[in-house]
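Using the sequences and the accompanying hints, generate a full structural model.
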Amino acid sequence: MTNHWIDLKNSDCLLIMGSNAAENHPISMKWVMRAKENGGKIISVDPRFTRTSAVADFYAPLRSGTDIAFLGGMINYIIEKNKYFNDYVVNYTNASYIVGDKFDFNDGLFSGYDPKTRKYDASKWAFKLNDKGVPEADPTLKNPSCVFQLLKKHYSRYPVEKVSEITGTPVADLNKVYEMFSSTGVKDKAGSVLYALGWTHHTFGTQNIRASAIIQLLLGNIGIAGGGINALRGQPNVQGSTDGCLLFHLIPGYLKVPRTSQQSLDSYVKGNTPTTGEPQSANWWQNYPKYTVSLLKSFYGDKCSKENDYGYAWLPKCDDGATYSWFDMCDVMYQGKIKGMFVFSQNPAGSHPNTNKVVKALSNLDWLVHTNIFNNETASFWHGPGLDPKKIKTEVFLLPAACSVEKEGSLSNSGRLAQWRYKAVDAPGDAISDGDMVARLVLKLKELYQKEGGKCPEPILNLQWDYVDEKGRYDSHKVAKGVNGYFLKDVTVKDPSGKDVEFKKGDLVPAFGFLQADGSTSCGNWLYCASYTKAGNMMARRGKEDPTGLGLYSNWAWCWPVNRRIIYNRASCDPAGVPWNPKRALLKWEGDKWVGDVPDGPWPPMSDKKKGKLPFIMKPDGRAFLYGPGLVDGPFPEQYEPVESPLKKNPMSKQMNNPAIKFFKSDMDKIASADPRFPFVCSTNGLAEHWCSGAFTRWQPWLLEAQPELFVEISPQLAKEIGVKNGDRVKVASVRGEVECVAMVTPRIRPFKITGKVVHQVAMPYAFGWLIPKSDRNNSTNLLTPAVGDANTMCPEYKGFMVNVTKV
Amino acid sequence: MSKGFSILVDTSKCTACRGCQIACKQWNGLPATQTKNWGNYQNPQDLSAVTWKLVRMADGTNGHGKVYWNFFSDQCRHCLSPGCMAVSENGEIKQDEKTGAVLFTPKTKDLDYQATLEGCPYNIPRQDPKTKRLFKCTMCFDRITNNEIPACVKSCPTGALVFGERDKIVEIAKNRAAELKKTYPTAAALNADDVRVIYVVKDDPTKYYEFAAGK
Amino acid sequence: MDLTRREFILLSGAAGAGVALSSLGLDLGPLRAYAEELKIDKIKSAKNTTSICPYCSVSCGLIVSTDTKAGKIINIEGDPDHPINEGALCAKGASVFQTTANNPNRLTKVLYRAPFSDKWEEKPWDWAITEIAKRAKATRDADFIEKNSKGQIVNRVETIAHLGSSNIDNEECWTLNAMMRSLGVVYLDHQARV
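Those sequence lines, one after another, are chains A, B and C.
The first sequence lines up with residues 1 to 808 when you count with my numbering.
The second sequence lines up with residues 1001 to 1215 when you count with my numbering.
The third sequence lines up with residues 2001 to 2194 when you count with my numbering.
If you're looking for bench data, these hints aren't it; they were derived computationally from the structure.
Some hints here could point you the wrong way.
Below are the DSS-like pairs computed for lysine-lysine, each with C-alpha atoms no more than 27 Å apart in a straight line [claimed, not checked]:
#1 360/A / 2047/C
#2 731/A / 1036/B
#3 2044/C / 2072/C
#4 1202/B / 753/A
#5 2137/C / 337/A
#6 2147/C / 270/A
#7 270/A / 2109/C
#8 1202/B / 720/A
#9 176/A / 1202/B
#10 471/A / 2069/C
#11 1207/B / 725/A
#12 423/A / 2150/C
#13 451/A / 2134/C
#14 1066/B / 725/A
#15 2044/C / 390/A
#16 444/A / 2109/C
#17 1202/B / 41/A
#18 391/A / 2123/C
#19 2047/C / 471/A
#20 2137/C / 119/A
#21 423/A / 2137/C
#22 2137/C / 393/A
#23 2150/C / 337/A
#24 393/A / 2044/C
As the structure is a computational prediction, the values presented were derived from the model and not from experiment.
Next up, the structure:
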């Protein structure tokens, strides 16, 4: 979230799309409904009429996988009807930048595409630079090669009638949504976008979100109270675990994973540190070397120094351009190339696409280590339906974990708020925390490598591991302090105002502005620097002061970066630092300092031509991207069909699917698009009563009682066509697998009229399996889903694949 | 009788998160029952001796083909003149003076269940098939006599459930109904002068639940 | 009102029809253990600990009440001081009580499934940690790639994979990350990508 949960109350219009907030984030509705009480409007756009739609001011249906068409239509509407916030667009976005003459777009493809590699050469999309290396600009936005004009041209292809043909949304409904939301493109109105997996679970997921970013920038809704692009994230610490980068392509703090071509620390930081010729850009990522060296110091402590390149060589290198995501992992596992696997509190045999392939892959392992508080379909895969344990070699270690109230530590919510939670009781029986398990495993590995030696022992032997207390138990406070970072020697450094400050060896670093690239500081994750300081554990704070009345609660817990509750908040003011909307003033420049939320940097606003900085400090040139040349699948979002579609042709262009996605070729990766055997669009969804694959919640009688078994929601019209009544048992099949479940016939689902033809859509939750409640059939919806993912993130396409539904 | 307490159930603010339904079970130590999906999100299907609070969920289309999904967090209304008490001659059912809570004692096992049920306009009392005792919501009598609000009300995120002194709740309910009437002409505070648990609805009560406004 | 205290204890604590659900493998018996004393009184003398809900990432505040004598959690409800949820909880949040030791379905022993076996065996921790470390080391030592064919240093192992977790604390994530990178694991992912 650019903003945070409580801030939803400040919104004049909330577009809830790609999210069913009332179902999956029920307490968010406290603040959505608060906005409504204050006169704000709620819009729900969803293939189904949901719990969120039930309390919305306006509901519009759309066919799964057509969000870019829907949003593209809105971009067109905003520009054509002159609803954009001109001062914001000109000053704070790259609307005025001139794009180089190699950029082109033709019939669904941008320039630079190589069909053999399925990759774009993004250099073709570069800006035209002046001699200082800054993009040339036309602040009148009239130059036909400027971003604004290219944007206008691109989305002129999305008139509302065309959009309606693709999405199935009635034209009147589209116009109503566009009119309601674009009314926030003025100084004193704020519009908020709430999205979730409904946008990410597509082969063009990143571009769904990009499309919303374009809208929010055109309307001036980023950086302001009640605005923003708010990803409602689905797991308790998915924000923190993402910040911590348990991901193949990143290391803690969103630093890029070292690649094979980056053989030295120098080449790594040079390759990743952006430069700019724009004098008014803060270019925050110029600090890359400081964050990298401080991270290496937190890994290897005294064992790394300038002399040994801070141990950079010990970090594993990923091949350039190669991906090692879950999809790749599952595929090589299926090929028998993985021997051992650790799965910490995750249930891939329930939550990952194409379950049949997942189970086959798991049975190719020699050993599997799984930690959890309850047993699940992953740990127990070897005795699942249709499997003979006597034929499965995989050794399984199932380790009993402490639950959330049986351990101490922090977790970060969607609003980047890191909160400390305490231990109430000891875990039952032999259960211990995941932290304890890791601490013990590392100590044992160190012991084995010390005793026996082995391949490349340095990263294991040199890993700094002082995270246990005197009794040998994992100590989350010690880790939290290490993540925050220490001074490793006595130093005098300048604070942001330029004053000298002295620190002693062992002092906690007060904020990431003090981190150094010379080995004098350590920091496990620069984003969390300032979370645990001399003043104590900031994440445990319980201050309730709210002087602005905007619900920032700056003394409650702590949020990254540096406790800034709304990011890019300098954009809430005009270039002179005067709030666009004084009634909801988040920040204000008072001549020599910012007052309000923690500002995005201390510099004056940009009207100060000497010291002033642009508000979008994470972008090299300081301006937000309407035109985004950094993604692999194009600088503007473009409507493509899901990999499995009811249509033979993409109504927008000759290019059927996102051209930059990766396909897996195993015999189990079948795709059936526009195939009469599988005529209905299916989308998966969460349930308020279950958590993800249900691995926790199906073991809880109260929740299982409330949502006991798998079902498929179908429209009365489809039910009639296939002769099914409410409550009947049906079979739902895709080309990859099938499940049996209950048919829920409901007017909340309706058929769509797409390019003149009727298209039926159905929907299924994915919270069920076979282990509990015990079943001799696997009831995992993911037996049906395809293992294809977004071109940028490789998030699976759970929202839009093709099935058949028949009566059992 | 003192003024006692009341609960507002403003269905226009309910998102059916079902926090109230589970919070009731958690606080009162009520076990789960085995259920199956019967073509509806609502589960268990009905109130029982171990389910005293149930979010009823009803969908459909109104005259203009517009879809609705109504949520009705059902529970005992704690009537001012409880119909269930008509058959209670030996103190099986009690009405607490101070709070107004209507309470089923263990002696309800001796009552004629059908007669008790028929006496209730809202179809609330349920019998334990084994012990024959009758059960329903206690208004969290233990909590409200110890300065805590009922568990269900505490769990409600959106202000759909509000607990307070009866006078104030009646006023809030009637004002809310009047406000909703501007947009929804059929809005009403159901039987506000007769019950302590007052439901505010936007639409015809039977579109929420057959007995929403009484038999 | 003349309802006796004893009557009320019965009224509040012993609703239990307790439908047997052996078919589900669940113990759904009524929670009778505290019926002898009113729960509300127990809570007054309980130790209260604040926590954060373990489900979606709204991160609502919880208050966990523990009977210190019995060392058992007796109640979990919303934290009214928490600025996000102000005491409110959804169905899952209201059910966190059933993630604790009060739920007999919790895993309480290390379980091991030997190759080609059809059953779990209970094992002690020391055995499990040693055996897992041995396997990780053996696999790593056998398959570790120090240099690729071009002679570039890569220091990685491609035959060990890791998944998880968005469901553990920040500090746990950090230590897990440090362990996996030290082993040289590159197939590394978690729920953020599903």
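A quick look at each hint next to the structure:
1. With a CA separation close to 48 Å, the supplied pair residue 360/A and residue 2047/C exceeds the 27 Å bound.
2. A hinted pair counts as satisfied when its Cα atoms are at most 27 Å apart, and residue 731/A with residue 1036/B qualifies at roughly 17 Å.
3. Among the hinted pairs, residue 2044/C with residue 2072/C is consistent with the structure: their alpha-carbon atoms are about 15 Å apart, no more than 27 Å.
4. In summary, the hint linking residue 1202/B to residue 753/A is not supported, as the alpha carbons are separated by about 31 Å, beyond the 27 Å threshold.
5. Proposed proximity of residue 2137/C and residue 337/A is supported: the alpha carbons are some 17 Å apart, at most 27 Å.
6. Restraint check for residue 2147/C and residue 270/A: the C-alpha separation of about 22 Å stays at or below 27 Å, so the hint holds.
7. With a C-alpha separation of about 49 Å, the suggested pairing of residue 270/A with residue 2109/C is violated against the 27 Å cut-off.
8. The hinted pair formed by residue 1202/B and residue 720/A fails the criterion: a straight-line CA distance of about 31 Å is larger than 27 Å.
9. Proximity of residue 176/A to residue 1202/B is assessed by CA-CA distance (about 23 Å); at most 27 Å being required, the pair is judged to hold.
10. Under the criterion of a C-alpha separation no larger than 27 Å, the hint pairing residue 471/A with residue 2069/C is consistent with the structure, at around 25 Å.
11. A C-alpha spacing of about 21 Å is found between residue 1207/B and residue 725/A, which places the hinted pair at or below 27 Å, so the restraint holds.
12. Restraint check for residue 423/A and residue 2150/C: not satisfied, since their Cα atoms lie roughly 51 Å apart, outside the 27 Å limit.
13. Proposed proximity of residue 451/A and residue 2134/C is supported: the alpha carbons are some 12 Å apart, at most 27 Å.
14. A distance of roughly 22 Å separates the Cα atoms of residue 1066/B and residue 725/A; the hinted pair therefore holds under the 27 Å criterion.
15. Restraint check: the Cα-Cα separation between residue 2044/C and residue 390/A comes to about 54 Å, which exceeds 27 Å; the hinted pair is violated.
16. With a C-alpha separation of about 20 Å, the suggested pairing of residue 444/A with residue 2109/C holds against the 27 Å cut-off.
17. Between residue 1202/B and residue 41/A, the direct Cα distance comes to roughly 18 Å. Compliance with the 27 Å bound is thereby established for this hinted pair.
18. Among the hinted pairs, residue 391/A with residue 2123/C is consistent with the structure: their alpha-carbon atoms are about 23 Å apart, no more than 27 Å.
19. In summary, the hint linking residue 2047/C to residue 471/A is supported, as the alpha carbons are separated by about 25 Å, within the 27 Å threshold.
20. With a C-alpha separation of about 38 Å, the suggested pair residue 2137/C and residue 119/A falls outside the 27 Å cut-off, and the hint is violated.
21. For the hint linking residue 423/A to residue 2137/C, the alpha-carbon distance of about 33 Å lies beyond 27 Å, and the restraint is violated.
22. The straight-line distance between the Cα atoms of residue 2137/C and residue 393/A is roughly 19 Å, inside the 27 Å bound, and the hint therefore holds.
23. Distance check on the hinted pair: residue 2150/C and residue 337/A sit about 22 Å apart at the alpha-carbon level, within 27 Å; holds.
24. With a C-alpha separation of about 53 Å, the suggested pair residue 393/A and residue 2044/C falls outside the 27 Å cut-off, and the hint is violated.
The structure does not agree with the numbered hints 1, 4, 7, 8, 12, 15, 20, 21 and 24 stated previously, though it agrees with the rest.
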